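Visitor: Sequence:
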Amino acid sequence: MENQITNVNEYEAIAKQKLPKMVYDFYASGAEDQWTLKENRDAFSRILFRPRILIDVSKVDMTTRILGFKISMPIMIAPTGMQKLAHPQGECAIARAASAANTIMTLSTMSNYSFEEVASTGPGIRFFQLYMFKDRNLVTQLVRRAERAGFKAVVLTADRPFIGRREADIKNGFRLPPNMTLKNFEGLDFGEKNKAGSSVSQTRRHIDPSLNWKDVKWLQTITSLPIVVKGVLTAEDARIAVQAGVAGIIVSNHGARQLDYVPAPIMVLEECLVLCPVLRNKCSLNDYVGIAFWFA
Numbered sequence: 001m002e003n004q005i006t007n008v009n010e011y012e013a014i015a016k017q018k019l020p021k022m023v024y025d026f027y028a029s030g031a032e033d034q035w036t037l038k039e040n041r042d043a044f045s046r047i048l049f050r051p052r053i054l055i056d057v058s059k060v061d062m063t064t065r066i067l068g069f070k071i072s073m074p075i076m077i078a079p080t081g082m083q084k085l086a087h088p089q090g091e092c093a094i095a096r097a098a099s100a101a102n103t104i105m106t107l108s109t110m111s112n113y114s115f116e117e118v119a120s121t122g123p124g125i126r127f128f129q130l131y132m133f134k135d136r137n138l139v140t141q142l143v144r145r146a147e148r149a150g151f152k153a154v155v156l157t158a159d160r161p162f163i164g165r166r167e168a169d170i171k172n173g174f175r176l177p178p179n180m181t182l183k184n185f186e187g188l189d190f191g192e193k194n195k196a197g198s199s200v201s202q203t204r205r206h207i208d209p210s211l212n213w214k215d216v217k218w219l220q221t222i223t224s225l226p227i228v229v230k231g232v233l234t235a236e237d238a239r240i241a242v243q244a245g246v247a248g249i250i251v252s253n254h255g256a257r258q259l260d261y262v263p264a265p266i267m268v269l270e271e272c273l274v275l276c277p278v279l280r281n282k283c284s285l286n287d288y289v290g291i292a293f294w295f296a
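When we follow my numbering, the leftmost residue of the sequence shown carries the number 1, and every step to the right adds one.
Honestly, the hints are just simulated from the structure, not real lab data.
Because the structure is a prediction, the values reported are computed rather than measured.
Accuracy of the hints is not assured; some may be wrong.
Okay, derived cross-link-like pairs now, DSBU-like style, lysine-lysine, Cα gap no bigger than 30 angstroms in a straight line [what the hints assert, rightly or not]:
| # | residue 1 | residue 2 |
| --- | --- | --- |
| 1 | 21 | 183 |
| 2 | 70 | 134 |
| 3 | 171 | 18 |
| 4 | 152 | 70 |
| 5 | 70 | 59 |
| 6 | 152 | 134 |
| 7 | 21 | 38 |
| 8 | 183 | 152 |
| 9 | 21 | 171 |
| 10 | 217 | 70 |
| 11 | 16 | 183 |
| 12 | 38 | 18 |
| 13 | 16 | 171 |
| 14 | 217 | 152 |
| 15 | 214 | 183 |
| 16 | 59 | 16 |
| 17 | 171 | 183 |
| 18 | 134 | 217 |
| 19 | 214 | 134 |
| 20 | 214 | 152 |
| 21 | 38 | 16 |
| 22 | 38 | 171 |
| 23 | 21 | 70 |
The calculated label-pair distances, taken between Cβ atoms and stated as ranges, are [what the hints assert, rightly or not]:
| # | residue 1 | residue 2 | range |
| --- | --- | --- | --- |
| 24 | 48 | 72 | 23 to 29 angstroms |
| 25 | 221 | 75 | 30 to 36 angstroms |
| 26 | 135 | 15 | 34 to 40 angstroms |
Note that CB positions come from ideal geometry on N, CA and C, so glycine has one too.
Can you build the whole structure from these sequences, using the hints too?
Guide: Laid out in structure tokens, this is it:
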């Protein structure tokens, strides 16, 4: 059993061995000096267990609810773009794994498989991660397709008005292989004659840097799905999100891939709960009451 994987960190080591350098760096690297990338992990090492004793643990129940959906554990799969770079089945494989584990998968806007292809893998609780594009008609088309494919919520990424400066990607000249596309964009009109769905850089250029809280309100008018705002790192923004009527908040620094020298999400949770008391009344970290609140 020498080759058996016994620690999740081993997956990272195996990926570094097997993936092309450009692909590994795309998944593993962070923005600029990567201080926040390191801090994301180091922050957990500063939080210790306080184990209690002589308590019956013969039956442990880790189930919880997010947006009313019961899942097996408080662990979900965050949106990650272009998963086919790592495995031929990409997002479809992740969808099957999430379903088998009875937890939530969030599909990235920048996925290699379409809403419909992911939905065809079988039943499951799936959310759609949305980038706000300059063309609101395009946004509407994407949200409508997610609805028809059975997705249960829209997760609006709010911390990426521009792509972060990821030096590894710059040095590697990161690009999608010619046999891969961003499937959700195939056949959609970007107002340009060339193939919008095939180009990562072109798609990124269409992300709207003017995104603001008014757009959250607009998004609520085009869908009945619950809206979750992803990218909150301050109590001030958590408070505004609650006032905007969102269904959920994801405390996140985009995996340290956007802005360097920001705190790790786990270190921001207390601030959000202490300085934004309304969250204490409206949410529980273990069960959905009025607003879901978690971190990535």
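Visitor: State for each hint whether it applies.
Guide: Here is what the structure says about each hint:
1. Annotation: proposed proximity of residue 21 to residue 183 holds, straight-line Cα distance about 24 angstroms (limit 30 angstroms).
2. For the hint linking residue 70 to residue 134, the alpha-carbon distance of about 35 angstroms lies beyond 30 angstroms, and the restraint is violated.
3. Our distance criterion of 30 angstroms between C-alpha atoms is met by residue 171 and residue 18, whose separation comes to about 20 angstroms.
4. In summary, the hint linking residue 152 to residue 70 is supported, as the alpha carbons are separated by about 13 angstroms, within the 30 angstroms threshold.
5. As the CA atoms of residue 70 and residue 59 are separated by approximately 18 angstroms, the hinted pair is consistent with the 30 angstroms bound.
6. Restraint check: the Cα-Cα separation between residue 152 and residue 134 comes to about 24 angstroms, which is no more than 30 angstroms; the hinted pair holds.
7. Between residue 21 and residue 38, the direct Cα distance comes to roughly 20 angstroms. Compliance with the 30 angstroms bound is thereby established for this hinted pair.
8. For the hint pairing residue 183 with residue 152, the CA-to-CA distance comes to about 20 angstroms; that is within 30 angstroms, so the pair holds.
9. As the CA atoms of residue 21 and residue 171 are separated by approximately 11 angstroms, the hinted pair is consistent with the 30 angstroms bound.
10. With a C-alpha separation of about 27 angstroms, the suggested pair residue 217 and residue 70 falls inside the 30 angstroms cut-off, and the hint holds.
11. About 26 angstroms separates the Cα atoms of residue 16 and residue 183, which keeps this hinted pair within 30 angstroms; it holds.
12. Note on residue 38 and residue 18: the hinted pairing holds, with a Cα-Cα distance of about 23 angstroms set against a maximum of 30 angstroms.
13. With a C-alpha separation of about 17 angstroms, the suggested pairing of residue 16 with residue 171 holds against the 30 angstroms cut-off.
14. Between the alpha carbons of residue 217 and residue 152 the distance comes to roughly 18 angstroms, so the proposed pair stays at or under 30 angstroms and holds.
15. Restraint check for residue 214 and residue 183: satisfied, since their Cα atoms lie roughly 29 angstroms apart, inside the 30 angstroms limit.
16. Distance check on the hinted pair: residue 59 and residue 16 sit about 38 angstroms apart at the alpha-carbon level, beyond 30 angstroms; violated.
17. Between residue 171 and residue 183 the alpha-carbon distance is near 26 angstroms, which keeps this suggested pair within the 30 angstroms criterion.
18. A threshold of 30 angstroms between alpha carbons decides the hint, and for residue 134 with residue 217 the separation of about 16 angstroms falls inside it, so the pair holds.
19. With a CA separation close to 14 angstroms, the supplied pair residue 214 and residue 134 stays within the 30 angstroms bound.
20. At roughly 22 angstroms between alpha-carbon atoms, residue 214 and residue 152 fall within 30 angstroms of each other, so this suggested pair holds.
21. Distance restraint check for residue 38 and residue 16: the Cα-Cα separation of roughly 17 angstroms lies within the 30 angstroms cut-off, and the hinted pair is therefore satisfied.
22. A threshold of 30 angstroms between alpha carbons decides the hint, and for residue 38 with residue 171 the separation of about 20 angstroms falls inside it, so the pair holds.
23. A hinted pair counts as satisfied when its Cα atoms are at most 30 angstroms apart, and residue 21 with residue 70 does not qualify at roughly 39 angstroms.
24. The given range of 23 to 29 angstroms is respected by residue 48 and residue 72, whose C-beta atoms sit roughly 26 angstroms from each other.
25. Judged by the Cβ atoms, the range 30 to 36 angstroms given for residue 221 and residue 75 holds: they are separated by roughly 33 angstroms.
26. Residue 135 and residue 15 have their C-beta atoms about 35 angstroms apart, which keeps the hinted 34 to 40 angstroms range intact.
The structure fails hints 2, 16, 23 (numbered hints given earlier, in ascending order).
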